[in-house]
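Listed here are the chains, written in short residue letters.
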Amino acid sequence: MTLPILPATVVGSYSMPGWLERLKTEYLARRISRRDLDEIHDTAVKAAIKDQEVAGIDVITDGELRRDNMIDYFVERLPGVQVDHASKKFYYDFYDSKVLGKLPVAPLGLVEDYKFLRANTEGESKFCITGPHSLSKRIRNEHYPSEEEFAIDLARVMNPELKALAKAGARFIQIDEPYYSGFPEDLAWGVKALNALVDGVDAKIAVHICYGNRYGKPSWEGSYRYLLPGILDAHVHQLTLEFARRGGEDLELFRELPARFELGIGVIDVKTQSIETPELVAERLRKALTVIPAERLFVLPDCGCLHLPRDIAFSKLCAMVEGTRLVRKELKN
Amino acid sequence: MILQLNHLERKPASITAQEVVDTLYSLLEEGHLEQDQFAQLRVHLDWIQYRQNFRECVTAAKVTSEHHERLFPIEMHIDTRQVTPGCLHDAISKTMLNSEGQATAEQDGLILEDFRSFRDSIAWGFNRLYWHRLPDWEQFTGRSYQQALPGGKSDANHPAAIADCVADFWTLLRDLDSRKQLPEELFILEIGVGMGTRSGLWLDRFRALDQERGTKYYPRVRFLLGDYSLSTLERSRPAVREHIDLCSFIVLDALNPLKNLAFLRHKILHIHLTNVYDNLPDEEIARRDGRLYAVQVRAYVSSADAQRIAKKFEIPMAEIARTVNRLLEGGPDYLADRRRGLAFWQQIWNSMRLEERLVNLDDLPESSLPEGLSQSHLEEVLREAPSDVRFHLSSGALESFRNTLPLLYPRGFLQVQDIFVTNFNEYRLGFHGPGKLDGSIVNWVNGALLREVGERAGYDVHFAPFHYRKGSKTSILYTTQRE
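Residue numbers (the numbering used here), protein chains in the order written: chain A, 1 to 333; chain B, 1001 to 1483.
Since the hints were derived computationally from the structure, they do not count as laboratory data. Be careful, since some hints might not be right.
Using C-beta positions, here's what the derived DEER-type ranges look like [said to hold, decoys possible]:
#1 A:V54 <-> B:S1368: 29 to 37 angstroms
#2 A:E112 <-> B:H1467: 53 to 61 angstroms
#3 B:Q1052 <-> A:R22: 41 to 49 angstroms
#4 B:E1029 <-> A:D84: 57 to 65 angstroms
#5 B:H1467 <-> A:G56: 54 to 62 angstroms
Per the computed footprint, the stretches of chain A lying under chain B, defined by three or more beta-carbons under 8 angstroms from a beta-carbon of chain B, are [what the hints assert, rightly or not]:
#6 17-25
#7 209-215
#8 218-227
Restricting the straight-line Cα-Cα distance to at most 27 angstroms, the calculated cross-link-like pairs of lysine-lysine (DSS-like) are [to be verified]:
#9 A:K137 <-> B:K1011
#10 B:K1180 <-> A:K137
#11 B:K1267 <-> A:K287
Think of the CB as a built atom: it goes at the ideal place given N, C-alpha and C, for glycine as much as any other residue.
When you get a sec, could you build the whole thing from the sequences and use the hints?
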């Protein structure tokens, strides 16, 4: 993977257009066909890829525009998870889902979506997966003796798909685990499940931990203090964290982050529509550079841009890239 | 013709329905009503509980096309409470015969404004003036606002309701505390504090509970009292004097609290409002035969009332509309003698009626809907509603609601005590405003719509009847974080 210093990337989702929200909901109400929706998704993903490329993002994603939300995309693919399809009326709601028996292993169909992304960009790309801890918080467990065992078995059945992704060329995979922040007491087993998920996966692995972005608002508050030292047991290469909205106070906690970890730092607040200036982004980066060396620093928004209008999301990404370029220039000099 | 009974008062409904049917058939037989008109006509029988309101006994709404040509009335509203024996034949005939293009007000009244959405009507100018000059109005009428309320007092300060609210808040704090997610400063916001009575009672109760349970949360409280004017906030100080070190007084617009409090985005644990939403600018939408129409209004005073007022105040008829505008801009002092100004204000207000027309929503820009509600979302919401229904858009309440939610801390909650319609069916079972309450406007709030908008913003919206006072019409809206 050839990347510039301070690579700029995204957390995963890109702005969900209002028209796509309507069409997804139309599909739910059986007013348009799956085939039509697939075509619509392809078109939307291509547009999201193009926007990221034009904004100058170094590592792009498919914008996660095929996903109703971070849970249902996986819930519908996991064999053995029962989904009540009548349980939501708006696409972004969560399905009611439950697991009644041991989960079988079967392909999840993520590779096809990754291949579509690869086929439509020549740049570096990243594929994002919701982690087993977060999934275990949303799928009702009526089989496993504990949440921990459920999460670890989710990891077991998802691991082959991650390996298949790596085999298909995915060199950078991000695991999303925002629910760690809501349930800090779960961290030890959450990390165990994360390790089971990425075991033997030949790719660069990041874990994204924020304070939630459901409906564009935080689900929890607190301090990243809870992550240490437990998160250091995670078999990942990068921690991707939210700093722009919450201020950079927690940055200090990562001063002693072992050299095997990179830090992805959120420099764009995705919960407000005001657009950061490149100077503000640069200032946030300079602050981060006092804590961690440039070689181990990635630049991102705090979380996905799902809830931002497209023009705002695009402008924010442009500002992020511009601010990053300012700092790169300073580093070069 | 469809006759729709929108209330549950049996006697006035049955008498009026009979007379309406007789009258319309007579008009048909006499050739005053075309069969096409008859076929499209909807007659609504309402029962308006507000003695002071904006309706004549019979009012008609015409559909207006894209080019604003007036078509014949498709809706006729009859207030069965105003019906007197034998009055309907003449009133309906007059309304229906007046279908050649001329509106009722043009033939028989003094028009005070052009057609517009109700939220932009001068009726709200009167409402604003009332709140700004409340002491003058109360002195003039010899009656306080509280006395004008249906129960003679406000439910806002009910001790048991406040105690329950405090208990809910304390439980939230304890829960967050146990998860180590309790912030150092505990922000609480009351919007529309009035005399500050509720805020004072709330703080008294919270201090007592905190002491009783030994949790030491009280000193961490930051209580924000918000209202539209500094003078109102000043009047609220004495009520919270025992807690003054924990209080901040903030001038804010209830329509957009976020504007002044952006620095507290995602930081406020509890926000409360009482009887604010029902007094924010509003408008109505009607769905007829699958089409959505905006209800536009224009204020007028009947010719007889206008002549009476002109004579009494020695103002030429042609000058009345201008005088009304000056009154709204400058207050009652504009008429030189304040008492005279107050009397003029009261007379105009009491006489003011609203004429209506329906404009196809497709002919209006989408921006005419409140922010956060697109036409497609509205249509989606209405899939579950009765096919023909007229309802409040509650634009001001929606705007306020949308601009308040982002202030909430994760797991924080909003409580709104007000009069809510919680289901679209209720619009077919009773009248929900606008009415006049003393010098102000009273309008029920479309809670069903708030619930939908809340869901899209990440909050489940629930309604609990205000069970603390028997016969109370108010409910308590409260939010929970949507997963």
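How the hints compare with the structure:
{"no.": "1", "hint": "A:V54 <-> B:S1368: 29 to 37 angstroms", "verdict": "holds, 34 angstroms"}
{"no.": "2", "hint": "A:E112 <-> B:H1467: 53 to 61 angstroms", "verdict": "holds, 55 angstroms"}
{"no.": "3", "hint": "B:Q1052 <-> A:R22: 41 to 49 angstroms", "verdict": "holds, 43 angstroms"}
{"no.": "4", "hint": "B:E1029 <-> A:D84: 57 to 65 angstroms", "verdict": "holds, 58 angstroms"}
{"no.": "5", "hint": "B:H1467 <-> A:G56: 54 to 62 angstroms", "verdict": "holds, 59 angstroms"}
{"no.": "6", "hint": "17-25", "verdict": "holds (count 3)"}
{"no.": "7", "hint": "209-215", "verdict": "holds (count 4)"}
{"no.": "8", "hint": "218-227", "verdict": "holds (count 6)"}
{"no.": "9", "hint": "A:K137 <-> B:K1011", "verdict": "violated, 57 angstroms"}
{"no.": "10", "hint": "B:K1180 <-> A:K137", "verdict": "holds, 19 angstroms"}
{"no.": "11", "hint": "B:K1267 <-> A:K287", "verdict": "holds, 25 angstroms"}
The structure shown violates just one earlier hint, number 9.
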